[in-house]
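J.: In order, the protein sequences belong to chains D and E. Under the UniProt record's numbering, think of the first position of the first sequence as 1, with each following residue one higher. Under the UniProt record's numbering, think of the first position of the second sequence as 1, with each following residue one higher.
Don't take each hint at face value.
What the hints assert, rightly or not - Here are the simulated lysine-lysine pairs, DSS-like style, with alpha carbons at most 25 Å apart: (1) K35(D) with K245(D); (2) K245(E) with K51(E); (3) K122(E) with K105(D); (4) K245(E) with K214(E); (5) K35(D) with K262(D); (6) K122(D) with K122(E); (7) K122(D) with K105(E); (8) K105(E) with K214(E); (9) K245(E) with K204(E).
Hints in this document: simulated from the structure, not taken from any laboratory.
There are 2 protein chains.
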Amino acid sequence: MAKPSSRAPALADWQPPAGKRAASFRLKDIDPAAKPWSSGDKALDVAAVEKLAVELDGLQNLLYADRRFKVLVVLQGTDTAGKDGTVRGVFARTSPLGVHTVGWKAPTEEERGHDYLWRIHKAMPGAGEITVFNRSHYEDVLVPAVNQWISADVVAQRYRQINDFERMLTENGTLVLKFMLHISAEEQRTRLQERLDDPAKRWKFSMGDVEVRKQWADYQKAYQSLLRATSTEWAPWTIVPADSKTHRNLMIATVVRDALKKLKLRYPPGDPALKGLVIA
Amino acid sequence: MAKPSSRAPALADWQPPAGKRAASFRLKDIDPAAKPWSSGDKALDVAAVEKLAVELDGLQNLLYADRRFKVLVVLQGTDTAGKDGTVRGVFARTSPLGVHTVGWKAPTEEERGHDYLWRIHKAMPGAGEITVFNRSHYEDVLVPAVNQWISADVVAQRYRQINDFERMLTENGTLVLKFMLHISAEEQRTRLQERLDDPAKRWKFSMGDVEVRKQWADYQKAYQSLLRATSTEWAPWTIVPADSKTHRNLMIATVVRDALKKLKLRYPPGDPALKGLVIA
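Next comes chain D alone, as it looks inside the complex (with noise of 0.2 Å):
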């Protein structure tokens, strides 16, 4: 059994640099097989996923007693990555009182009458929430730029637009955290024919996954360069190795959990006029 390695892993190795730097990020340097947070160990790994989950229960409990803060996890990824898996594993625990999950799809007609954050700025968690977005706004961006329905300009005006809008979010108290589930084409290529095989996934599986796929190295292409513009000081992009699942998750759920931890959350200070109040 391998042991837990000795050091913990640097997050900011697997952020893209923010500002001048970021030019020189690379998302094929990042290896979609690497478990930086594991113990070498699956069963070890895996219980650490359930005691963080756990972990995260009580710190959302308190999270929302505080009532200081709010929580956006945004969860980005390509078919397969992981996104409903992540959703499953790591909030698991914890109360749907205060963690909502928003699954967001091709706008509707109303949503499409009016700027794309829009839904996006409606669906934000409020004070003592967490909400958890499986794909988000980046698909605005990531979508018909792929698709050449949007010119190089109108891209670059919505990473900026999208830099404004979370800067504001994070100055008016939102923790932003956002996720990239990195798989390699070789485990999309299991996991859909996995979808294909077994009666039980079918149901996810998608002929449009099937298109999409052809355009991976576009995607990627795509990926790398929202990455480079979008990992701000404020609300910097996580990668996350995800050819393994429970990789994924315990990455996931340490990051989320240290997030929540470095805010120094508290029970709101009691009324003085209740001090020593006996309930007769």
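Fit chain E to the known structure of chain D by using the hints.
T.: Same frame as chain D, now just chain E:
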């Protein structure tokens, strides 16, 4: 009877300059009793407003059919400045189908649990719609700034957030028209007294207005700072001399009409398949 003035007034003279020259703008240089858009004859002006209201109805109908644009009209001003009267006088003829009015009050608990732009963004017009704000997100800077609930740094931060937000809106097809209804302290005194003395107007009177009136000088200063900081190329402020209600309506209706005309609205091109179709 005075002749209509021979040349149209220049709108730019009533808009604080954007960018570096903004610091030269002084609110007190603008006479609230001025009537630059007036013909000099009140009856003619009243008839002109009525004609403009009908013209706006036609343009709104075209905007609704066209669906390429959305229009936001922001009305700001101290108590009794005439925000309700503007809605009534300028948008009296347009269809409620395409024109919505939102009167902003103090935020609810749910709204306070989000960033201050959350409820504003939700209320934005959709494609082909006009939304008129009676008060707006600018109250979230004015009121806390005057009452010193937020620091100068946060005031500056909100100016930037609002400018970024409005830029995103305009880049995504929203025309943003902002009017500051400018009345004198003496005119406000007269109008508040009228509200007290006239049983049909008394329901509009609030003791709170008397308290806010004591902060007149502070509000004028806060307005000047706000007008300097948030009159941008993409969403300029227009200062409306509003001691005369007729002039106020005439000026605002003219500016909105001209702005809509500039959009070069058109009915959407028909489906070629429908050409020559005869309904049997």
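J.: Any of the earlier hints contradicted here, and which numbers?
T.: none
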